[in-house]
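Residue numbers (our numbering), protein chains in the order written: chain A, 1 to 461; chain B, 1001 to 1461; chain C, 2001 to 2461; chain D, 3001 to 3461.
These aren't lab readings, by the way, just hints derived from the structure by calculation. No residue lacks a Cβ here, since even glycine has one placed at the ideal position from N, Cα and C. Any given hint could turn out to be false.
As the list claims (entries may be wrong) - Here are the simulated DSS-like cross-link-like pairs (lysine-lysine), alpha carbons at most 25 angstroms apart as the crow flies:
(1) C:Lys2341 with B:Lys1341
(2) C:Lys2071 with A:Lys71
(3) D:Lys3350 with A:Lys193
(4) D:Lys3269 with A:Lys193
(5) C:Lys2126 with D:Lys3126
(6) B:Lys1439 with C:Lys2352
(7) B:Lys1439 with C:Lys2350
(8) A:Lys154 with B:Lys1369
(9) D:Lys3269 with A:Lys350
(10) A:Lys269 with A:Lys439
(11) B:Lys1369 with C:Lys2193
(12) C:Lys2126 with D:Lys3102
(13) A:Lys269 with D:Lys3341
(14) B:Lys1439 with B:Lys1368
(15) A:Lys352 with D:Lys3269
(16) B:Lys1341 with C:Lys2269
(17) D:Lys3071 with B:Lys1071
(18) B:Lys1269 with C:Lys2341
(19) D:Lys3193 with A:Lys369
(20) C:Lys2193 with B:Lys1350
(21) D:Lys3352 with A:Lys439
(22) B:Lys1269 with C:Lys2352
(23) C:Lys2073 with B:Lys1311
Claimed, not checked - Going by beta-carbon spacing under 7 angstroms, a handful of chain A positions derived as facing chain B:
(24) Lys102
(25) Gln105
(26) Gly128
(27) Ile130
(28) Met132
(29) Met141
(30) Ala145
(31) Arg146
What the hints assert, rightly or not - Listing some non-contacts, in silico: residues in chain C with all C-beta distances to chain B over 10 angstroms:
(32) Met2056
(33) Arg2241
(34) Val2411
There are 4 protein chains.
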Amino acid sequence: MIQSNLHEQCAVFGIYNHPNAAEITYLCLYALQHRGQESSGIAVSDTRAITMHKAMGLVSQVFSSGEVLAKLKGIHAVGHNRYSTTGSSTIVNAQPILINFKAGQIASAHNGNLTNALNLRRQMEKDGSIFMSTTDTEVIMHLLARSHRSTIEKMILDSLSQVQGAYSMLFLTPAALYGVRDPRGVRPLILGKLGDSWLLSSETCAFDLVGAQIVREIEPGEMIKIDEKGITSYTVPLFERIKNHAHCIFEYIYFSRPDSFVFGNNVDKIRRKFGRQLAVEHPCPGADAVIGIPDSATTAALGYAEESGVKFDIGLIRNHYVGRTFIHPVQSGRDLNVRIKFNPVKGVIKGKNIVLVDDSIVRGTTMKKLVNLMRTAEPASIHLRISSPPIICPCFYGIDMPTKEELIASVKSVEEIRKDFGVDSLGYLSIDTMLSVLKPEERGNFCTACFNGSYFAEPST
Amino acid sequence: MIQSNLHEQCAVFGIYNHPNAAEITYLCLYALQHRGQESSGIAVSDTRAITMHKAMGLVSQVFSSGEVLAKLKGIHAVGHNRYSTTGSSTIVNAQPILINFKAGQIASAHNGNLTNALNLRRQMEKDGSIFMSTTDTEVIMHLLARSHRSTIEKMILDSLSQVQGAYSMLFLTPAALYGVRDPRGVRPLILGKLGDSWLLSSETCAFDLVGAQIVREIEPGEMIKIDEKGITSYTVPLFERIKNHAHCIFEYIYFSRPDSFVFGNNVDKIRRKFGRQLAVEHPCPGADAVIGIPDSATTAALGYAEESGVKFDIGLIRNHYVGRTFIHPVQSGRDLNVRIKFNPVKGVIKGKNIVLVDDSIVRGTTMKKLVNLMRTAEPASIHLRISSPPIICPCFYGIDMPTKEELIASVKSVEEIRKDFGVDSLGYLSIDTMLSVLKPEERGNFCTACFNGSYFAEPST
Amino acid sequence: MIQSNLHEQCAVFGIYNHPNAAEITYLCLYALQHRGQESSGIAVSDTRAITMHKAMGLVSQVFSSGEVLAKLKGIHAVGHNRYSTTGSSTIVNAQPILINFKAGQIASAHNGNLTNALNLRRQMEKDGSIFMSTTDTEVIMHLLARSHRSTIEKMILDSLSQVQGAYSMLFLTPAALYGVRDPRGVRPLILGKLGDSWLLSSETCAFDLVGAQIVREIEPGEMIKIDEKGITSYTVPLFERIKNHAHCIFEYIYFSRPDSFVFGNNVDKIRRKFGRQLAVEHPCPGADAVIGIPDSATTAALGYAEESGVKFDIGLIRNHYVGRTFIHPVQSGRDLNVRIKFNPVKGVIKGKNIVLVDDSIVRGTTMKKLVNLMRTAEPASIHLRISSPPIICPCFYGIDMPTKEELIASVKSVEEIRKDFGVDSLGYLSIDTMLSVLKPEERGNFCTACFNGSYFAEPST
Amino acid sequence: MIQSNLHEQCAVFGIYNHPNAAEITYLCLYALQHRGQESSGIAVSDTRAITMHKAMGLVSQVFSSGEVLAKLKGIHAVGHNRYSTTGSSTIVNAQPILINFKAGQIASAHNGNLTNALNLRRQMEKDGSIFMSTTDTEVIMHLLARSHRSTIEKMILDSLSQVQGAYSMLFLTPAALYGVRDPRGVRPLILGKLGDSWLLSSETCAFDLVGAQIVREIEPGEMIKIDEKGITSYTVPLFERIKNHAHCIFEYIYFSRPDSFVFGNNVDKIRRKFGRQLAVEHPCPGADAVIGIPDSATTAALGYAEESGVKFDIGLIRNHYVGRTFIHPVQSGRDLNVRIKFNPVKGVIKGKNIVLVDDSIVRGTTMKKLVNLMRTAEPASIHLRISSPPIICPCFYGIDMPTKEELIASVKSVEEIRKDFGVDSLGYLSIDTMLSVLKPEERGNFCTACFNGSYFAEPST
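Excised from the complex, chain A in its bound form (with noise of 0.2 angstroms):
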């Protein structure tokens, strides 16, 4: 995908014991950067109080001083990087929430989104509450708040047992750090180890860079909180009776970095038999190579080319020291936006019948301009495949999500789509192949939601 508002994504990360909480916590929403690009912000214990710095910007940025990270005394800390899209980009936004309540101080960060935010938002406005930013959490924070449960565990498994959708959240008070995950388990939140410290993360990916050892996922609608007397585990209330779970697919497809080990699986595996799945559903007879849109396309690609037996080749080059601010007018009427990103190689495309791989296609006017930026290169043919299946409904779990109409598959044929694009072929992965690369017993557990309207709760409006 080349850039998409469909889901928002964010990264969490929270450790236990660690004599310099603030520096690792740092360097894993570093590693985590790939899931929100907009805001970042930590807020740390020193075990009586909680302090926060959070501010807009890349992780390098908003921690850009070595003096920021020194104030952050601690041994226990909670991340967030936030996603980046236009609308609601303020840094009212930016987490952590601290929150001072009537039990003290608490901090969250989470990733993911409710469905009946909106209802419990005007419900608790009614009440007399009010709410400072667009976020989720703030409403879950609302709701604990106004729990009247005895423990902080309880508050948290009272107020979430009040919302539906999905969360991955962390929770820090001066004491205790907690994980907990939507009964769905739609976003993944993993337990890891380094030495006498425990560690939370969105990815295992941030385990690495640290040197951390992977302990085990949170489980779906599990609740753990690691205080001095180890690690606890809680069970959240349902607010509905739920019959699987509804891990979101967009984590192999898009989401998620390859070396990141997420709902039982390796990312880069799953990826690849999408891939490899593509080439038998979609195969492409005559082709000369398989090229994969970078970064996010790549694994897909591979996946294609060892299937179908053509080779594998990297016939676009990715500038990346595009940055997020570039804007400058002067020939912007020749896709200057997608020209600065990608560059096609001549050398590899010219007079080649072309397998070009991506993993997902939204609106559809990206991949217009990059289709017009290959046929430059000359290629022979351009035949369009794609690592997952036509998305024809918005995802109630991202509040950026383009409507119906906006996504180009509910609106338009595959032909008709082809055509727009001008392929020469076209052919998405079908709901059931991508399925089929999960192992039977797993395939029950993933939300197809975005391909087929088959929501698990229907949004509230």
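Chain A is already provided as a structure; the job is to place chains B, C and D on it using the hints.
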């Protein structure tokens, strides 16, 4: 006063109906910069929705690029400068505060301090509220949102009926601007007019900058609503029985800019009379020159000089390039922080009997260093005169106030202070003399609690 | 003077033998900030090699992080602040200038202007030299490097024997610090001592900040070398026959800080006498108050008040938070640039006959706006008094000087200027009266060319 | 190559006759960012005068605000990106260099290194020249300015007749753009066309970005002048007799972007053939996957995979968010600098026999850490293959080259290196095999001195 955390001050500014609402607000915040250098922010309404930008730093830093202001499109606005103390210097305390609540969006900017804020917070926390900042503004926002009254104006009034203390506040909804002052009128708030626009400001010096006219002060206990129907006036319900107003006399002593018109008087005129009366009460026969500590004590020093006939002189040069972040450890033992701000003019001081005028003394630590610094210019004698009474009680309208024990005049006699500072004589203005400067009918309407402990409302604990 | 490009001024500072050479230089550049706000730089020697950091901005901005200073390790240093004009504001003109030449490394910092620089440049360009900046310092560096003398000190003297004009310069080699002043002594340069360290500074206010003692002025035409043998004094060979010194009288009128000791006098004392004599020469019977334009004309206004018996007052408040980048177009027609810097105190001005004192007038454009601004405070009358003579000729020691046509006093009579400004009366100090303030034996040693065209050296063309 | 100071590379770009010359240059410098990340700059001519902006940082940082570009008004421009090494990272070395000399203004941007620069500097220093930077460009500027020839083009040619080594240089006068390449053609320089504009660039990937067409390479020893008469070609006089060209083969191995066309070939095609030949020369029977170190060795790894039939795979994930300033001491003992850039994909590596391909090895320190890192993913074996010969001699076209002693292949045998790295086998491409990839007639025209010490010109000392 060289530097003090005795009171926290802030600046508020609002404008209704101006095509360049954000830019006018920006200019006026700039004129009000002396009331707060920690953070600055502007919320602007285009009549349908409110957008906001706020950040840490001076007005010119927060709005350093034209792009930031350009994004704040709208015709009504509120702005805020926050004072600078070390304790709570964090983005979560920056104002305005913009919330969503049952009636939609509302932004608020506040100058003042509530004495029952902590009680209210605790009570609301018990009831399940969360607090993200340590500001009183957030407390009022909660009360407002909890009100069951039918209109915004009634909700505001309802919330204010529950608070005690000082508040000059602005509220901005998409369609209306509100200005309200506590029943004792502790802090100033003035209404102005610029063409077809209405303005509300902490001080009139902001009006001068943009060429606006003073209309009138908002009355103590008055709330005005400015909308398309014009101005409507309301009365704030009383939380408790009050006898008199309690204007903060420190606005005359130190806070306000001398070119402002506050509490019915030109600040310059009153401040100068304090200096005159100081000369009457503590004359200094044989003095050669009157030197005020720049810039805050200059006006009082002028008054002392006028009354005493001793010539006014500039004996201390202030370096205005001192930034907030200037800290380097070299030579720190040599009172560098004072030296870097002030340099004595040897040609004025050497061999002379100097009357050194300051407006007030809080802890006395900086004054001691300053006297040491002046001694390097070899005066024959230094006679310190303070244009306000000894501060013996903390102000309950300030969060970061020193305790009674930290107030030098609370723990030492005037003679002990004199010895401590190493000056040849020391005289404070007495409370009665200070009040004598005001018209007889005004005297009962000023708060002098920091000088005599006569609080109009005991602080909650 | 509110603002002027009449002369360019710079600050130079050097230190020999101090373990924190860069930090002391930083502090002293800070005290000398008034002599240049465009760029700042420090070159430091660890006795073997010289390293340098320089950038655009205020001292506190250029050295904003402790890391920058920490990298400047060494025991000898030279520093420089550059004045601010728009024309040549570019990093290539920032100083110090550090070169490699046949004798190794040498850094230089320069205050002053050469009158034959252009001729020398043209000659050297003809000989094959290249110039990367528009500074005179680079010209001298070229001359130095072309010298065939055997020692650095002889090379410096050789190069200076070829230049005409004003220079107070510092040179730093890895092992020695040199300070030199042109034979007419146009700009100041003072030697100081701090423990075992020697200091050289444009003004003594830098010494006061770090607690150093004044030793003596470098003599006009003297060069001193400071190395492990102590101080050695040399005489600069004459380029042309000179009769008298030509100290720039504008150092007394405007440039130097009043707390500095310059050309054998306290600046404050001389500046004040200008004000006194102005009162004698242009009294103002019936005046109610004397107001100086802050901060530069305050001292002269005090002198006027002392002599005339009319009371000194603060009738204009200056906003010290104005940064350099503040430009927003709204209301620009309303003289916003003056309004934003100054606010008249109505309580002081209204209905009064005001003597308004400024130190000098160059183009007159800002003064006209300021008078307009003061009129808004409704004085009965404004009597403008200037504590220097009419400027009728450009200064050839400044690059960015206005032409004769731009100098208002060159093209209009005093009466025409009065009408132009809209003041009730206008009086300039005459040249003779100005000089009468100095001791008789000093008078011939000051340059007054901008007032009468008597240049000591005609500019090259 | 993970990181190296073996050669210094820079990017040059020029444009003649485009209404948005500075913006086009900015975009193209952006496409050439891989050739230099330390500093960036643009000089632009409006046909009468040249203005310049340069600063430390990436292209997007140096030209972060539209205002900076907007000030660079003109229709001709040259731009430069400078490589990054620690030693000489200072603003005085940033390019372009803009000088004033006898013929007016000229700006220059240089890619390459002179071998007799030090001799020339010393000679010119003896003659009285000064040097403000450590760049060779400044040396050439001095030679140019000293030339007695009658036209700019003759002066340039005259100056180049005195230098030895590598230069692809651009010169900009107010009216003309010059591009010149040393007689051996060490570095590339290409002419392009965009509408009515002429472009000169280090690599063709810049042309692709703005939609320009390749016209031709500037010939080794050719200088072209572009002015209103069109293009005129000149021949650079020879400093010494040359037999062959000496294109730097490292442009194919590492420097150039694979999508560029350099020295008459697509970089991608040559680089890939290196990989193919590597597979022939050092096959790896039983290997499961070929992994290239991203991004520079990816193309060679693809070639290895194609030839060997072993599948290409992505086994190392590179974090592209790594900024230059990322340094925090925690855990630094754990090879954090390598870990933070790369993460091994366990799912690809575990239990597999891996062929790890890199393009070159200089000191070997980083490679050792990277092998350690890969071992954490538990491969069965690691077989390291290098797509270039052992580097045994420093390159005299680079300033910051390691000495012979620092080059691991110079002091250790291949078997010793293998043991040192802890890999199961190690194979380098031989020189002959490397050259066999090129057409027979091309082979004699490449420099291979770093592999065999056959320098075309001995360095001066």
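Numbered hints the structure breaks, given as an ascending list: 4, 8, 14, 23, 25
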